[in-house]
Amino acid sequence: MTREVAGKAGRGYFLEDFAVGQILSHAVPRTVTRGDLAVYNCIYGDRHPLYTSDPFARSCGLNASPVHDLLVFHIVFGKTVGDLSLNAIANLGYAEARFLKPVNYGDTLHAHSKVIGIKENSNGRTGIIWVETTGLDQSETPVLTYKRWVMIRKRNEKEPPCETVVPATLPAVPAEDLPVPRGLDFRVFDTGATGETYRVGDYTVGEMIDHVDCTTLTDTEHMLATRIYHNTARVHFDINARPDRQRLIYGGHMISLARAFTCNGLANAQIILAINSGTHVNPAFAGETVTARTEVIDHADHPTPGAGALRLRTRLGRTGDDGIDPYDDANLLLDLDYWCLMPR
Amino acid sequence: MTREVAGKAGRGYFLEDFAVGQILSHAVPRTVTRGDLAVYNCIYGDRHPLYTSDPFARSCGLNASPVHDLLVFHIVFGKTVGDLSLNAIANLGYAEARFLKPVNYGDTLHAHSKVIGIKENSNGRTGIIWVETTGLDQSETPVLTYKRWVMIRKRNEKEPPCETVVPATLPAVPAEDLPVPRGLDFRVFDTGATGETYRVGDYTVGEMIDHVDCTTLTDTEHMLATRIYHNTARVHFDINARPDRQRLIYGGHMISLARAFTCNGLANAQIILAINSGTHVNPAFAGETVTARTEVIDHADHPTPGAGALRLRTRLGRTGDDGIDPYDDANLLLDLDYWCLMPR
Amino acid sequence: MTREVAGKAGRGYFLEDFAVGQILSHAVPRTVTRGDLAVYNCIYGDRHPLYTSDPFARSCGLNASPVHDLLVFHIVFGKTVGDLSLNAIANLGYAEARFLKPVNYGDTLHAHSKVIGIKENSNGRTGIIWVETTGLDQSETPVLTYKRWVMIRKRNEKEPPCETVVPATLPAVPAEDLPVPRGLDFRVFDTGATGETYRVGDYTVGEMIDHVDCTTLTDTEHMLATRIYHNTARVHFDINARPDRQRLIYGGHMISLARAFTCNGLANAQIILAINSGTHVNPAFAGETVTARTEVIDHADHPTPGAGALRLRTRLGRTGDDGIDPYDDANLLLDLDYWCLMPR
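Residue numbers (this note's numbering), protein chains in the order written: chain A, 186 to 529; chain B, 186 to 529; chain C, 186 to 529.
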């Protein structure tokens, strides 16, 4: 691979640098601590008790609160940015994200990615790469895998088109393939800790939940978050990286905001088992006000004692002005389809 | 109780939902960590060594630094917001807050409230509820109690007025009823650690201290703080929640700012034993610059070895422009009356 | 010493209050935790694995990640502000900073300073003091020493000039006097953890590295940082402290930003051994976009197994507009000369 350099500083890779089958081992290993949770909490205010209370986590069969699932996701994702997306034009989608095991505070995460697909666009200037990324702990145990595809620049338009391999991705993780977090047991789940009594069976397919909460985005908050994850994409930090001189908000920030909003109405959906798909439909900027709505897509049995799985589609969109529809094509920011684990 | 819902998402309770004697058990239990202190510290810069230094805390008889008293207060308060004040118009006051025991990092806090008073306003659209809130640790030991009253909307103006019960509240916690934090001992208190030599006997009743420090408020800072406390009141986060499109700063943020300012001039007032009363006189917004002044109200003996209690009135107000009086009716933001423990 | 007071609140010292040989013992002792690292990380995004990964730190001979060197520097520096620089006009420079030993999380830092020089300026209104500051842990072991000089106001212009003592400071810490961090061993240094293969011998004297990353400064971020360090200088927090109503960004914030930028191009320069000199050439304000460039000044042998020392000059300057030179006299913000430890 030929990294563009400014002296010895890397400028990231281009389409020509990737080939199907290639494995990229990402820097920088990162020990996750309760301090990271505190920072995550002050940015999102997530209130799932499995992640906020050690006694509650113990009542669910764990030794202590595990690391927040989206903190794991963003940290693993962040490690890939320097290798995959410094020259990305757009983060096109995610699929088949499986949260394989709860991560403990004190664990150290690292990640690698395998290139599983590549396709040049007809304009000859850009293309798409597909990768499968795995996050691992210090004992090399995988904790998260996901597929992602990204639109990326060619270094040189005059190069001939690269090979084309378009991998298959599943539209959703099948219920029978959902991860089973080791040790988790929801048989004595205390709904008093969440403030809501609804269990998995109380949600019906097609049901809609408006999550009420709204927040007006600020630049500082998304930058603080993005740095936790060691995501260095300049477009999030430098107003000169875009012609409109606005900092683009990292898409993962929107995922965490949406998930925190669901604490109102889906308070017992404690843990994300899988992300089926995720799309950042429009870019988001500071000053915009966002809200979220969830549709219940499916439910399924799950081997975790006392639990069932709920498939949800949560959308986050712009709100504020009279008559605005946060979920229309112009205002929708995030469309996320995922499986959660709930008490039954 | 009938919570307003948007699908399964709660919109909070209204005046008609409350009755004297009712007990509300609040979600979400929360394990407090050194990470929370670090976040608290970066927002307020509080410099009381009992809360910043383990060796100093050991020299005062404790095993380690306890959780900052106002972090405990805000976390307990935050738990009540979803049940008590999502539909509040104004947080009218506090009384009889007693900090019953030092909380240790690793402890998990939860809270419940008892409705102790209710009164409909003559306009028929709003009323006041009084509650007594108790914060407890994971062993169900109370760590904090306080009374608070809130103006709240009626759901339906046409409902007949509710019963009227106006509870008695003390103007101040009597000195002889002040909590005695277990294990604390100020006999070898090192004033070198605080940088000020003044002990409780050096303060005279009526003495005024201008705390010199000023800070210009930002929206991001008060939102980061408010989320630590799991306080979800939308008016703090969403510019569309008020006609002037300004985010209202959470009153507890002002209390913590004021307390941090007092590190200059009252550096040895290590710990809050009780809050006698607290009023948020005017709303506060980003861009305003605040400063604080304290008047010494009283002192009293206290059973803690080497210590005495000092009753203080700290006011926080807007400053900046020429000739402005931060403490007049137009500019005063916070008026707080409390007892601190100091070395004697 | 005669501190200016507002009631019992200190307003800091003036030139007349200092004398050569004086020792100032600074408040407030501070236990440093992983929470502080998490906050530091969300503000700077520093990616040196020695500071982000316990397993990596163990592979380098330590028991766990030490406290980030610049977090130590800023905390020690912050302790001195109340005594040295509340009435400072300008922070003129640093010299001979030696990072004597890795600090462990859980250690408690305090500091003292000795006045080593003083000189009144010809205008009769200001002067310069030189101090040597030492940061120590809870066992009174020095962890950092540095010299610093500051321009400070006289309280009273009519006072006769003070004595003049101008101390010698070295232009750089000689290679043979560099600290040797106990226990560190780079013989099995894994460059996969940093993402760059360059070792100390790969850098040639005179080589330039442009670090690519840019960030647009915000007020909230520098205030959050400055409060971690207990630095209370009002000019960083209060828009009324300067005629232009801008908050001056704490110079240490610029040092940490610059150091984080160097993770791209100098990823293996794991640890700062010494700061030879540092100058804040122009003041920095929110809204400005900064970038960094490093020149390799020298290399030297070092007793740490598997390691060598690299002397670097990193400059941070304003960028963004077409044709701007971030490193010219008008735009240069920081000029920092320091020694790092790298694998060889």
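Do not take every clue at face value.
Examples of chain A residues toward chain B, derived with CB under 7 angstroms [claimed, not checked]: (1) E342; (2) M393; (3) H396; (4) G450.
Examples of chain C residues lying across from chain A (beta carbon under 7 angstroms, computed) [to be verified]: (5) R219; (6) G220; (7) S238; (8) F241; (9) S244; (10) G246; (11) N248; (12) T382; (13) Y383; (14) C399; (15) E406; (16) N449; (17) N467; (18) F470; (19) G505; (20) D507.
Calculated from the structure, these hints are not laboratory results.
Backbone N, C-alpha and C define an ideal beta-carbon position, used for all residues, glycine too.
Checking each numbered hint in turn, tell me which of them this model violates, lowest number first.
As far as the earlier hints go, 1, 9, 10, 11, 12, 17, 18 and 20 are violated by this structure, in ascending order.
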